[in-house]
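Visitor: Using full-length UniProt numbering, the final residue of the sequence shown is 266, and nothing's skipped along the way.
Calculated from the structure, these hints are not laboratory results. One should not assume that every hint holds.
Stated by the list, open to error - PhoX-like, lysine-lysine: derived pairs with alpha carbons at most 25 Å apart:
no.	residue 1	residue 2
1	Lys52	Lys139
2	Lys160	Lys220
3	Lys230	Lys220
4	Lys102	Lys36
5	Lys36	Lys52
6	Lys160	Lys118
7	Lys160	Lys201
8	Lys139	Lys118
9	Lys118	Lys96
10	Lys201	Lys220
11	Lys139	Lys102
12	Lys96	Lys36
13	Lys52	Lys118
14	Lys160	Lys231
15	Lys96	Lys139
16	Lys220	Lys231
17	Lys160	Lys96
As the list claims (entries may be wrong) - Pairwise CB distance ranges (calculated):
no.	residue 1	residue 2	range
18	Glu20	Ser43	23 to 31 Å
19	Asp251	Val204	34 to 42 Å
20	Pro194	Gly101	26 to 34 Å
21	Pro212	Asn55	43 to 51 Å
22	Ala29	Ala197	13 to 21 Å
23	Ala29	Gly101	14 to 22 Å
24	Leu147	Arg72	37 to 45 Å
25	Val111	Tyr253	28 to 36 Å
26	Val144	Lys52	51 to 59 Å
C-beta atoms are modelled at their ideal positions from N, C-alpha and C, and glycine is treated no differently.
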Amino acid sequence: MRLLFLAVLRRHTGNAVTAERVRDHLEAAGHVCLLKDACDLESSSEISRFIKAENLEAALALHLYRGGRLLRGHGIPFGIIFGGTDLNEDVNHREKNEVMGKVLEEARFAVAFTESMKETAQTQWVDPVFTREVQARVKRTAGVRLLGEMPQEDLHAALKNCFAMVNSSVSEGMSAAILEAMDLEVPVLARNIPGNAAVVKHEVTGLLFSDPQEFAQLAKRLVRDPALEKKIVANGREYVRRYHSWQAERDTYQHLVRTLEGGVGE
Numbered sequence: 001m002r003l004l005f006l007a008v009l010r011r012h013t014g015n016a017v018t019a020e021r022v023r024d025h026l027e028a029a030g031h032v033c034l035l036k037d038a039c040d041l042e043s044s045s046e047i048s049r050f051i052k053a054e055n056l057e058a059a060l061a062l063h064l065y066r067g068g069r070l071l072r073g074h075g076i077p078f079g080i081i082f083g084g085t086d087l088n089e090d091v092n093h094r095e096k097n098e099v100m101g102k103v104l105e106e107a108r109f110a111v112a113f114t115e116s117m118k119e120t121a122q123t124q125w126v127d128p129v130f131t132r133e134v135q136a137r138v139k140r141t142a143g144v145r146l147l148g149e150m151p152q153e154d155l156h157a158a159l160k161n162c163f164a165m166v167n168s169s170v171s172e173g174m175s176a177a178i179l180e181a182m183d184l185e186v187p188v189l190a191r192n193i194p195g196n197a198a199v200v201k202h203e204v205t206g207l208l209f210s211d212p213q214e215f216a217q218l219a220k221r222l223v224r225d226p227a228l229e230k231k232i233v234a235n236g237r238e239y240v241r242r243y244h245s246w247q248a249e250r251d252t253y254q255h256l257v258r259t260l261e262g263g264v265g266e
């Protein structure tokens, strides 16, 4: 396979040494690997011309931002290798962070040299491989649709037409989605984690499940038991009105901010 390998190749740097080592690995497997300095190919059009001129079939980049961003949109598969600058510096810049997330969505694979680097990346961006698996499974499953972001008014309109709202998060503080569903009189099924259990009282304001099997059991029960649905909808609505009033929240924050008035020591 003919490969393009992009890296920042300042002489006698760790990046250059790493890039040359990886190139040697690939060429030892019989691939043709053209190692190029990302600084010499700054535009997408230059990359496109180079790919066509050299009849390249795939690509690799060392550094998600410095190299990976140049490989997007050329119609050839590519993988990336995380660099320290990606996760220690560029990740803290909003625009670069967004670009790196888009690169990961297109990349076939991503390599992290240490477990720490892997964990840092996973906290910043949803695993794109997992995302693609979910999207593929949704396409194969009848009756399931994967929706992107939408304005709150549209989301609420869609939610009102749903039989139930499911929260399967493994970590929550206080789920706004659960509170919104309760306020809209939509039954809630939520994973039994501390954040959800603090809002949903099982069989009172909603239903809590611990595993997929229990979820399926409770969902079927909700379908078959209109009295249970009516009860948790009414209780959920009353819970939100009593403990999560918009006006009460506004008054509380306004009061707290007033305590900040005046100088230090006054």
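Visitor: None of the hints should be skipped; say for each whether it holds.
Guide: Here is how each hint holds up against the structure:
The straight-line distance between the Cα atoms of Lys52 and Lys139 is roughly 33 Å, outside the 25 Å bound, and the hint therefore fails. Distance check on the hinted pair: Lys160 and Lys220 sit about 20 Å apart at the alpha-carbon level, within 25 Å; holds. Annotation: proposed proximity of Lys230 to Lys220 holds, straight-line Cα distance about 15 Å (limit 25 Å). Distance check on the hinted pair: Lys102 and Lys36 sit about 22 Å apart at the alpha-carbon level, within 25 Å; holds.
For the hint pairing Lys36 with Lys52, the CA-to-CA distance comes to about 15 Å; that is within 25 Å, so the pair holds. With a C-alpha separation of about 39 Å, the suggested pairing of Lys160 with Lys118 is violated against the 25 Å cut-off. Proximity of Lys160 to Lys201 is assessed by CA-CA distance (about 21 Å); at most 25 Å being required, the pair is judged to hold. For the hint pairing Lys139 with Lys118, the CA-to-CA distance comes to about 29 Å; that exceeds 25 Å, so the pair is violated.
In summary, the hint linking Lys118 to Lys96 is supported, as the alpha carbons are separated by about 18 Å, within the 25 Å threshold. For a cut-off of 25 Å, the pair hint linking Lys201 to Lys220 stands: about 19 Å separates their Cα positions. Distance check on the hinted pair: Lys139 and Lys102 sit about 22 Å apart at the alpha-carbon level, within 25 Å; holds. Straight-line distance between C-alpha atoms of Lys96 and Lys36 comes to about 22 Å, which keeps the hinted pair within the 25 Å bound.
Taking the CA atoms of Lys52 and Lys118, the gap is about 33 Å. The hint is violated against a cut of 25 Å. Distance check on the hinted pair: Lys160 and Lys231 sit about 17 Å apart at the alpha-carbon level, within 25 Å; holds. A threshold of 25 Å between alpha carbons decides the hint, and for Lys96 with Lys139 the separation of about 31 Å lies outside it, so the pair is violated. Note on Lys220 and Lys231: the hinted pairing holds, with a Cα-Cα distance of about 16 Å set against a maximum of 25 Å.
A threshold of 25 Å between alpha carbons decides the hint, and for Lys160 with Lys96 the separation of about 37 Å lies outside it, so the pair is violated. The given range of 23 to 31 Å is respected by Glu20 and Ser43, whose C-beta atoms sit roughly 25 Å from each other. Between Asp251 and Val204 the CB atoms are about 27 Å apart, so this pair departs from the stated range of 34 to 42 Å. The hinted range of 26 to 34 Å is satisfied by Pro194 and Gly101, whose Cβ atoms lie roughly 29 Å apart.
With their beta carbons about 48 Å apart, Pro212 and Asn55 fall inside the hinted range of 43 to 51 Å. Distance hint check for Ala29 and Ala197: the Cβ-Cβ separation is about 52 Å, which falls outside the suggested range of 13 to 21 Å. At roughly 30 Å, the beta-carbon separation of Ala29 and Gly101 lies outside the given 14 to 22 Å, and the hint is violated. Against the hinted window of 37 to 45 Å, the Cβ-Cβ separation of Leu147 and Arg72 comes to about 24 Å, which falls outside the hint.
Our hint of 28 to 36 Å for Val111 and Tyr253 is violated, since their Cβ atoms are close to 45 Å apart. Between Val144 and Lys52 the CB atoms are about 40 Å apart, so this pair departs from the stated range of 51 to 59 Å.
When held up to the earlier numbered hints, the structure conflicts with 1, 6, 8, 13, 15, 17, 19, 22, 23, 24, 25 and 26 and fits the remainder.
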